[in-house]
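Assemble the whole structure, with the sequences as input and the hints as a guide.
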Amino acid sequence: MSRVFVCGLGAVSPAGWNLPAMREALEKGEPLPLQTLERPGWAKPLRARLVPKPVLRPALLAHPRLRRTSPITQYAAAAALEAATVLQSNPGRNDRLGVVVCLQSGCVEYSYRYFGEVLRDAATASPLLFPETVFAAPASHVAALLGNTPLVHTLVGDPAAFLQGLAVGAQWLQEQRVDRCLVIGAEETNWLLADGLWHFEHSAVVSGGAGAICLSLEPATSLAVELRAITDPHTYTTRKSRARAAQAMRAQLPPASPVELLCDGLDGSPRADAPEVAAWRDWAGARLSPKRILGEGLMAAAAWQCVAACDAVASGRFLAANVSLVGCNQQAVGARFERAGASVSDSPSDASERSISP
Amino acid sequence: MVTGAGIVSALGIGWPANAAGFRAGRIAFRPVTLFDVSRQRVKTAAEVELPSALPPTRLTGKMARRLDRASRMLVLAAHEAWAQAGWEPADDLPMVLGTTAGGMSLGEAYFRVATQTPQRHRQQPTRALHYQPQTQGRTIASALGLGGPITIISNACASGTNAIGHAWELIRSGRHPRVLAGGYDALSQLVFAGFDSLQTLSPTLCRPFDAGRDGLALGEGAAMLTLETLDRARRRGAGILGEVIGYGTTIDQHHLTQPHPQGDAALAAMALACQTARVTPADIDYLNAHGTGTPLNDSAEALAIRRWAGTRTATLPVSSTKASIGHLLGGAGAVEAVVGLMTLREQWLPPEAAFETPDPACAFPIVRAPQDGRVTTILSNSFGFGGVNATLVLRRWT
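Listed in order, the protein sequences are those of chains Z and U.
Mapping of the first sequence onto this note's numbering: position 154 corresponds to residue 154, and the numbering continues sequentially without gaps.
Mapping of the second sequence onto this note's numbering: position 126 corresponds to residue 1126, and the numbering continues sequentially without gaps.
Please keep in mind that the hints were generated in silico from the structure rather than gathered at the bench.
Here's a subset of chain U near chain Z, in silico, CB distances under 7 Å, partners left out:
{"#": "1", "residue": "R1039"}
{"#": "2", "residue": "Q1040"}
{"#": "3", "residue": "Q1134"}
{"#": "4", "residue": "L1190"}
If you want the footprint, here are the derived chain Z segments under chain U, 3+ residues with CB under 8 Å:
{"#": "5", "stretch": "108 to 114"}
{"#": "6", "stretch": "123 to 130"}
{"#": "7", "stretch": "136 to 147"}
{"#": "8", "stretch": "156 to 164"}
{"#": "9", "stretch": "190 to 198"}
{"#": "10", "stretch": "230 to 238"}
{"#": "11", "stretch": "325 to 332"}
Listing some non-contacts, in silico: residues in chain Z with all C-beta distances to chain U over 10 Å:
{"#": "12", "residue": "L50"}
{"#": "13", "residue": "A62"}
{"#": "14", "residue": "V86"}
{"#": "15", "residue": "Q176"}
{"#": "16", "residue": "D179"}
{"#": "17", "residue": "T221"}
{"#": "18", "residue": "R281"}
Where is the CB? At the ideal position from N, CA and C, for every residue including glycine.
Quick look at the structure:
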């Protein structure tokens, strides 16, 4: 199997419209300020961390396909463009670019608006809104924006599906069906989504945004970060609880090391965090929990975890970073990124010998 | 190899009922009863008549009672495929599903309660959980005793074909020896209203490739396939229904909801599928078209078929089974793959009974009446909202 490298990163988050803004927020380590979402019929609003309006309208929104799109597409497109900067450095190559967009809730804003119109009077519901409600819409727009994209998939699942997306991207590269592959996790939010989350965790703070990772087989144009392993997806079943699945995932990643980072999915919700806390109880190394700072961004948060892990390795702060994704209702999956060329483990773990497979 | 197939459509539950319906070109549209369509232009669809009870599975009574319409169709299809294949439960068996809407009707119910009676919480968590496609995937896993990875592809109307194609690639690359794959979608008010507001629904009758066609019709259903290597199937002594031999997927960047008028991406998907299958248009005995019945889609697909098939065009039998059961969106590609297996196993071609006047743009013969045929290799097209196009090539196993 060919080795897979990270050649670009992008992020849109409540901290701002690019990776430096997210990096700064994570380095500061303080949860971003809370906003509120009015919940009809309730005096107490729901809590959220929202993507700020950009100071300047992003140039990408001038693209004809993006003028009427919902925020999720705009987040996905902005993160994708940032991660695909490497393509602009050598436009003559005309690399074939795969696009995998991963979503959990997807296009909730337009779905909310459109279904509201249907219930008011189906005869006058706007035909402009409906196409943007479809899960596949963000991927379609991103593909149109980027051009030479022969392979495009939208994957749906709980947040751990982002690593399935990375595995699909790696598979396409290894089969030489594309030259590079962008894997994007994105979500948008509104009060209805926050209401849904509230039913499962009252303390959850919903957020939105996107994260993007560009994969390639070329170390030379990479950020010197290698996607070293993705664990098996450990699906929750009647026989395998979320806690057991988290432990199985953890067992496939290496023991703690002082030169390594754990980028976990803890957000401070005791009940939701418990299986992941238990699975990583042995971890004594550095730890980063982006959701504590940025909020529960579902698939976007999963992407932020991976982007933050890659960024930490790319910057040289850590020789390796493990990502723990214990999804809310489907599966636990982990991943490991290493500094390209660095030898970080004397005792090869199960993970370091694994191939990357969905 | 395909060793099991399950199918649910408005023509019935299971292979025999569907084979009889497709072979005769039965039309299954009727007035919509699932939600209010009084303010819609169009008031018919191909609704499935679901049985009151599900077949025995590992689901508890409580789990089965909680299932939404989409999940029930999925369980029925998966159970049929599973039983036919004779597979045993396993903790490492992957599943690949295609859907566009998951359990949308539960999402709609959640919306209604949250906006109309916001102080009521009863069953809201269940709705929030069960409307998500991964919960439906886990339902199938629970029903059949599976524990492997679940991948859900949502490439709009190409989802079902992409799911089967992705599963085939997982086997072909040696990553897995067997995969359970398919697609599903249930009718929902949001989606029905959406297509109606775009004025793409036919106010008369869905007639793909007819000169007088005036839109698509929506349907619902599910289909599941058990795919495995030939070695594995032979070792088990399994019956083989047919073989997936080619798959191609491309993206049409022309527009979110309209195909490129020249059908470039459709042509590329067909060419790629045939390239992987190592066949030429001359080897294809029947083409199950995406054929939604909208003027733009059918024109683009007709042109793509003509460009792809060349001299074979004039003699290549084509039909769209959406004329019988409507457009099943995420379920369409999987259901049409099972129809393809039926044609290969039983040697007939599915007609479009309502077809009247050939469109001059369609240079191929439309199957208009029930007919037997010698069918060795078929091609099945699925083209999605958003531009993902996907094509499968299936071959008879003798």
